[in-house]
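Chemist: When you get a sec, could you build the whole thing from the sequences and use the hints?
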Amino acid sequence: MSVRALKAAVRDVPDFPKPGILFKDITPILKDPALFHEAIGLFARRHRGKGIRKVAVIDARGFLFGSALAYTLKAGLVPIRKKGKLPYRTFEATYDLEYGSATLSIHTDAFEPGEPVLLLDDLLATGGTALASAELIERAGGRVVELDFLIELSFLKGREKLARYPIFAPIRF
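So that you can map any letter, position 111 of the sequence shown is 137 in my numbering, and since no number is skipped, the others follow by simple counting.
Note that these hints are calculated values from the structure, not bench results.
Model, not experiment: these values are computed from the prediction.
A portion of the hints provided could be inaccurate.
With a straight-line cut-off of 27 Å between C-alpha atoms, the simulated DSS-like cross-links for lysine-lysine are [stated by the list, open to error]:
#1 K100 / K187
#2 K57 / K44
#3 K111 / K44
#4 K187 / K57
#5 K183 / K44
#6 K57 / K108
#7 K44 / K76
#8 K111 / K100
#9 K109 / K76
#10 K33 / K44
#11 K187 / K44
Modeler: Spelled out as structure tokens, the structure:
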């Protein structure tokens with residue numbers, strides 16, 4: 027199994043969620059046990075034994091990979107959710123989208139001061155969601171070790187917005 031096999035399994039869905047968008051669908055990876063195992067393994071091999079205490083995941087597709095990775099690394103899992111979805115006290119960050127803005131939340135007690143955190147999501151596009159999430163982690167006391175994505179859409183230049191953080195993305199379009 028290889029990154030090439032994972033990349034080949036990503037399905038293009040034109041005009042989703044709106045006309046002009048070419049959506050990168052990861053469900054073929056999720057439904058295939060060998061591919062899903064390989065995807066988690068890519069991240070686990072990279073971080074095993076490196077002291078990651080928490081895996082922070084972005085609502086909602088980040089949850090799919092992050093839960094399995096946190097379990098594998100014997101780390102805690104911290105959800106970063108859309109505004110109004112977390113039940114306890116939160117920090118919030120609002121960021122711009124190409125068609126408006128969005129707000130993310132994290133629990134105020136998500137991390138111990140300086141705790142090493144891996145931020146994981148399925149896809150890096152423009153970088154706005156990831157940047158807001160990394161800033162929330164830091165505001166809540168965590169130390170961002172790396173930002174990991176299964177897929178990076180290089181042509182959208184999200185990596186540039188995240189230049190102050192190490193980034194890993196094995197599949198690039």
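Chemist: A separate judgement is required for each hint: does it hold in the structure or not?
Modeler: Checked hints:
no.: 1; hint: K100 / K187; result: 30 Å, violated
no.: 2; hint: K57 / K44; result: 25 Å, holds
no.: 3; hint: K111 / K44; result: 25 Å, holds
no.: 4; hint: K187 / K57; result: 32 Å, violated
no.: 5; hint: K183 / K44; result: 21 Å, holds
no.: 6; hint: K57 / K108; result: 26 Å, holds
no.: 7; hint: K44 / K76; result: 40 Å, violated
no.: 8; hint: K111 / K100; result: 25 Å, holds
no.: 9; hint: K109 / K76; result: 32 Å, violated
no.: 10; hint: K33 / K44; result: 23 Å, holds
no.: 11; hint: K187 / K44; result: 24 Å, holds
In summary, the structure is inconsistent with hints 1, 4, 7, 9 from the numbered list given earlier, while agreeing with the others.
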